[in-house]
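Engineer: This is what each chain is made of:
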Amino acid sequence: MNPLFESPRLRLAPPDPETDAAIESAWTHDGAYLRLVDTAPARPLSPSQVKKKYEQLEKEKEKDFYFAVRLREKPVEGPEGLGRLIGFVRLFWVDWMHGAARLNLGIGAPADRGQGYGSEALELILRYAFEEMGLHRVAAEAAAYNTGALRFLERHGFRVEARRRQAVARDGQRWDQVMYGLLRSEWEALRAAAAVPAGLAAPQSNGAQGG
Amino acid sequence: MLAQSALLVGERVRLAALDAEKDAAAIAAWSHNDELLRLLDTDPARMRTAAQTRQDTEELQGKEQPKDSCYLFLIRALAGDRPLGLIDLAIPEWPHRDGWIGIGLGDRADWGQGYGTDAMRVLLRFAFTELTLQRVSLTVFGYNPRAIRSYEKAGFVVEGAQRERLRREGRRWDMVLMGLLREEWERVNTDALTTR
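These protein sequence lines are chains A and B, in that order. Read in this note's numbering, the first sequence has 34 at position 34, and its numbers run on one by one without any break. Read in this note's numbering, the second sequence has 166 at position 166, and its numbers run on one by one without any break.
Chain A with its partners taken away, still in its complex shape (with noise of 0.2 Å):
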């Protein structure tokens, strides 16, 4: 079995609040982050208030599994060897009857975007929501003006549902909240393509695919 927490480059890990409040303090002082990241109105939190956050987060663990991505610079050896912290990942309304919870993303430093940490990560929450927590399915959303986040979700099979005509307000204009949807059956499916070992794949117009 694959290590359930670590991919190649990242962990999943709990929040520590001594050493993590701090950073995530920092990240909420980007307005463009926030509204990247959610619909709430943006505003920054000291560390304090991002302490009580993890605080309420732990209240709600049945239903709110929230992760900090953390970089494997070192193994887990104690708090330190946790590695530095990037960004977190979150399913939560988790609703365990019908199999069904959303999903939320974010790298937090603009400075760590753009280097597949987000896919990283989001493979690694896939697993644990269909293979740990049993769950059918995994929604995402995102307003429309938000191209990257709507380009990632679809690059990793998500499938549009529904779009919430005017739903998000911003800078005076209305946008759509694009609502998606992945199922376990279509994660297995792009699982299963991206596991053909190389000699049974398509031959690549280049021959230069890795072995």
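No lab work stands behind these hints: they were computed from the structure. Yeah, the Cβ is synthetic: ideal placement off N, Cα and C, and Gly gets one too. Some hints could be false.
What the hints assert, rightly or not - Label pairs and their computed distance ranges (CB to CB):
| hint | chain 1 | residue 1 | chain 2 | residue 2 | range |
| --- | --- | --- | --- | --- | --- |
| 1 | A | W96 | B | A29 | 26 to 34 Å |
| 2 | B | D34 | A | E60 | 25 to 33 Å |
| 3 | B | D110 | A | D171 | 40 to 48 Å |
| 4 | B | D68 | A | A26 | 25 to 33 Å |
| 5 | A | V160 | B | R46 | 30 to 38 Å |
| 6 | A | A22 | B | R187 | 45 to 53 Å |
As the list claims (entries may be wrong) - List time: in silico SDA-like cross-link candidates among lysine to any residue, alpha-carbon distance up to 25 Å:
| hint | chain 1 | residue 1 | chain 2 | residue 2 |
| --- | --- | --- | --- | --- |
| 7 | A | K53 | B | S69 |
| 8 | A | K59 | B | D41 |
| 9 | B | K67 | A | W93 |
| 10 | B | K63 | B | T49 |
| 11 | A | K63 | B | P44 |
| 12 | A | K52 | B | K67 |
| 13 | A | K52 | A | N104 |
| 14 | A | K61 | A | F5 |
| 15 | A | K61 | B | R46 |
| 16 | A | K63 | B | D88 |
| 17 | A | K61 | A | N104 |
| 18 | A | K61 | B | K63 |
| 19 | A | K59 | B | I91 |
| 20 | A | K59 | B | E58 |
| 21 | A | K63 | A | L34 |
Unchecked claim - Computed footprint of chain B on chain A, listed as stretches where at least three residues anywhere in the stretch have a Cβ under 8 Å from a Cβ of chain B:
| hint | stretch |
| --- | --- |
| 22 | 89 to 98 |
| 23 | 165 to 171 |
| 24 | 176 to 190 |
Given chain A, put chain B in place with the hints provided.
Structural biologist: Here is chain B on its own, set in the frame of chain A:
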């Protein structure tokens, strides 16, 4: 002058405050209607006693949430003032002016009599004229075509569906998302906006 002198009164029903003490017995009785419970939300159907309902209501009303983010009304028949059901409107994020509606009539005998339609009409007027919302939203289950038709009659448009979102009676069902924009509502409700 404001056009609405009876903002929360319709032709057959009115929207009233919920009294944890007085209304608990009626609401608890509705929780024995399993059909209602499975049309109303995704929670496992569960019965409540009057005492539990009173406690639920007190907790809900005493919650620390800001009072302007959730409006819960008891639907009462104008004839006899009998409690018929509940309707609520939640505005989780005010900047977007989008409100989420939930509605249920407790007793099967009251279904199909136009009470729900009238309650929805009153709530929409409240949402758009009093709360000045830009749109309202709701979710409805794929196995509830009767509600979908009724919401369409009220002006809602299907905006999509979360595929296989529900598991009930051994199969999967979609959860349908519907929305109604302010300008769509205004187009057919000009009378609600004109001054006398």
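Engineer: Run every hint past the structure and note whether it holds.
Structural biologist: Structure-based check of each hint:
no.: 1; hint: A:W96 x B:A29: 26 to 34 Å; verdict: holds, 28 Å
no.: 2; hint: B:D34 x A:E60: 25 to 33 Å; verdict: holds, 28 Å
no.: 3; hint: B:D110 x A:D171: 40 to 48 Å; verdict: holds, 46 Å
no.: 4; hint: B:D68 x A:A26: 25 to 33 Å; verdict: holds, 31 Å
no.: 5; hint: A:V160 x B:R46: 30 to 38 Å; verdict: holds, 34 Å
no.: 6; hint: A:A22 x B:R187: 45 to 53 Å; verdict: holds, 52 Å
no.: 7; hint: A:K53 x B:S69; verdict: holds, 20 Å
no.: 8; hint: A:K59 x B:D41; verdict: holds, 23 Å
no.: 9; hint: B:K67 x A:W93; verdict: holds, 22 Å
no.: 10; hint: B:K63 x B:T49; verdict: holds, 21 Å
no.: 11; hint: A:K63 x B:P44; verdict: holds, 15 Å
no.: 12; hint: A:K52 x B:K67; verdict: holds, 22 Å
no.: 13; hint: A:K52 x A:N104; verdict: holds, 19 Å
no.: 14; hint: A:K61 x A:F5; verdict: holds, 17 Å
no.: 15; hint: A:K61 x B:R46; verdict: holds, 23 Å
no.: 16; hint: A:K63 x B:D88; verdict: holds, 23 Å
no.: 17; hint: A:K61 x A:N104; verdict: holds, 15 Å
no.: 18; hint: A:K61 x B:K63; verdict: holds, 20 Å
no.: 19; hint: A:K59 x B:I91; verdict: holds, 24 Å
no.: 20; hint: A:K59 x B:E58; verdict: holds, 22 Å
no.: 21; hint: A:K63 x A:L34; verdict: holds, 23 Å
no.: 22; hint: 89 to 98; verdict: holds (count 3)
no.: 23; hint: 165 to 171; verdict: holds (count 6)
no.: 24; hint: 176 to 190; verdict: holds (count 3)
The structure shown violates none of the earlier numbered hints.
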